[in-house]
Amino acid sequence: MKKLIALAFAALIQACAFTDATLDVQHDPSISFEGPISEAPSTRFLPATLEDNRSDKARIGWKKNGFGQNTADMTTAEPVTTIISDAIETGLSQNGHHIVEDGRVKIEGSVDRFWFETDQNFWTIEFIGDVQCSLAFIDTRTGEVFYQSTYSGSHSEKKGGGLSGTWEAIMSQAVNKLIEDITFDEDLMMALEALHEGG
Amino acid sequence: MLKKPLFLAALLFPPAAFSDDVKPPVFIDVKDKGKFDLLFDRAKSTATGAAVGGLIGAGVEAAVRSGNDEEKLEQLRPFLSVETCETELLSAFEEKLSGRGYTVENEAPSKSNALTVELEIKECGFKVVNSQTLAMAAFINFETRSDDTALLSLNDETFHFYGKERYQFAELVDMEGDINSAHKKVFQKAGVRLANKIIYR
Numbered sequence: 001m002k003k004l005i006a007l008a009f010a011a012l013i014q015a016c017a018f019t020d021a022t023l024d025v026q027h028d029p030s031i032s033f034e035g036p037i038s039e040a041p042s043t044r045f046l047p048a049t050l051e052d053n054r055s056d057k058a059r060i061g062w063k064k065n066g067f068g069q070n071t072a073d074m075t076t077a078e079p080v081t082t083i084i085s086d087a088i089e090t091g092l093s094q095n096g097h098h099i100v101e102d103g104r105v106k107i108e109g110s111v112d113r114f115w116f117e118t119d120q121n122f123w124t125i126e127f128i129g130d131v132q133c134s135l136a137f138i139d140t141r142t143g144e145v146f147y148q149s150t151y152s153g154s155h156s157e158k159k160g161g162g163l164s165g166t167w168e169a170i171m172s173q174a175v176n177k178l179i180e181d182i183t184f185d186e187d188l189m190m191a192l193e194a195l196h197e198g199g
Numbered sequence: 001m002l003k004k005p006l007f008l009a010a011l012l013f014p015p016a017a018f019s020d021d022v023k024p025p026v027f028i029d030v031k032d033k034g035k036f037d038l039l040f041d042r043a044k045s046t047a048t049g050a051a052v053g054g055l056i057g058a059g060v061e062a063a064v065r066s067g068n069d070e071e072k073l074e075q076l077r078p079f080l081s082v083e084t085c086e087t088e089l090l091s092a093f094e095e096k097l098s099g100r101g102y103t104v105e106n107e108a109p110s111k112s113n114a115l116t117v118e119l120e121i122k123e124c125g126f127k128v129v130n131s132q133t134l135a136m137a138a139f140i141n142f143e144t145r146s147d148d149t150a151l152l153s154l155n156d157e158t159f160h161f162y163g164k165e166r167y168q169f170a171e172l173v174d175m176e177g178d179i180n181s182a183h184k185k186v187f188q189k190a191g192v193r194l195a196n197k198i199i200y201r
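Quick note, the sequences are listed as chains A and B, same order.
The opening residue of the first sequence carries number 1 in my numbering; numbering runs sequentially from there.
The opening residue of the second sequence carries number 1 in my numbering; numbering runs sequentially from there.
Honestly, the hints are just simulated from the structure, not real lab data.
Residues of chain B placed beyond 10 Å of chain A at every Cβ, according to the derived structure:
1) Pro24
2) Asp41
3) Glu74
4) Leu76
5) Leu80
6) Thr103
7) Ser112
8) Asp148
9) Asp174
10) Met175
For lysine-lysine, the following PhoX-like pairs were computed, each having C-alpha atoms within a straight-line distance of at most 25 Å:
11) Lys164(B) x Lys106(A)
12) Lys35(B) x Lys159(A)
13) Lys35(B) x Lys158(A)
14) Lys127(B) x Lys159(A)
15) Lys159(A) x Lys33(B)
Note that CB positions come from ideal geometry on N, CA and C, so glycine has one too.
Whole structure, please, built from the sequences with the hints as guidance.
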C-alpha cells in the first residue's frame, strides 16, 4: 500500500511539471513610485496603447524539469500589454499626472520582453524576471513624437526552490521596477517641461 | 489689541523646526565594491553538468565556465579603466545629491539625522543578455540596506541596470579604450537612480 502511495505521489509530482502555469502578474499600487517626473507640470495623458512585440508571444517562460528541459508553458492571466499599460497609468498617476480620455499626450509603444527564467546554481535556483518596453510620447496637438525611450525592469532572487507563487512575485516585482524606470526618467521629466513651456 | 490674534497665529503657524531646504547628510557604507567581471559562458547556463554528473558535475561545469570567462576578461583587461565598479557609481551619486543640496559623508556621521545606506555591488561589468545571439551589454546589480525609517524604499532592495547598447564580444575587444564609456554610462545611471531614491523618498 505504501508503495502504491509513493508511486502515486511521484506520478503527481511529474504531472505538475507538465501542467501549464498561469500567473496573475500585477504591479503593486501600494508602492510609492514617486520620482523625477513628479516635478514636471501636471500632464493629461491618454491611456497607453501598446503592441505585443515579443519574439515569443505564446508564453512568458517555461516550466522545467530537473534536467533543465522545458516541460510546460508559463503564461499570464491578462495580456502582457494590459499588465504594462496598467502599470504605466499607476506610475503617472502617482506622480501628479492624469489619465483621461481627452489627454494632451498620447503614449504609444510596445512590450518587447516579458520573460521569466530560472538559473540552476550549485545549491540554489535563481529566479529571474525581465520586462522591457518601448514608449513614444506624442503631442496630440501636433501629432509629433516629442520624446521616446526604452524602459526595463528586472528582478531576481536566489532560493532553494519555488513554485508559482514565487514566479508570480518575481515577475510582479519586475513590473514594479519597470514603473520605477519610467517615473525616474529625468529626460522624460525635461521633455514634459519643454512640452508645457511650448504652450 | 493685536496681541491675542498674533499670539494665536503664532500657535497655529509655529516656526518650522526643520526647513525643507535643510537636507540631512547622507552616508553610503560600501560593503562590496563589485569586482569588474565578464559573464559569457556563465550567463549561458544550462543544467548539463548537473544532469550528467550530479553535484560534482555541476561544480566542474561551473569551474570550467568561470575559467573560460576569465580568459575573455583578460583580453579586455588592458583597456579597462576600473577594476571595481563603485567609483563611477559613487561619483554620479554624489554629484546628483550635491546638486540637490545634500552632503555626502565619507565616514560614518556623528549627526543623528544623517541618512545611512549600505551598498553591496553583487555583479558588474559585461554579460551576455541574449543567449541566442550572444549579444552582450554593460550591467550592474547591487543591493541596498538601510535601518533608516526615512529610507524604507532602500531597505533590502535590489537593483539591476543594463546598458541599452548591445555588443558581440569581438566588438568589445575591438573597442579598446572606448569600452569604458559603455560601462561608465550604466554605472553612472545606477548612481543617479540611487541618489534619486533618496531625494524622492
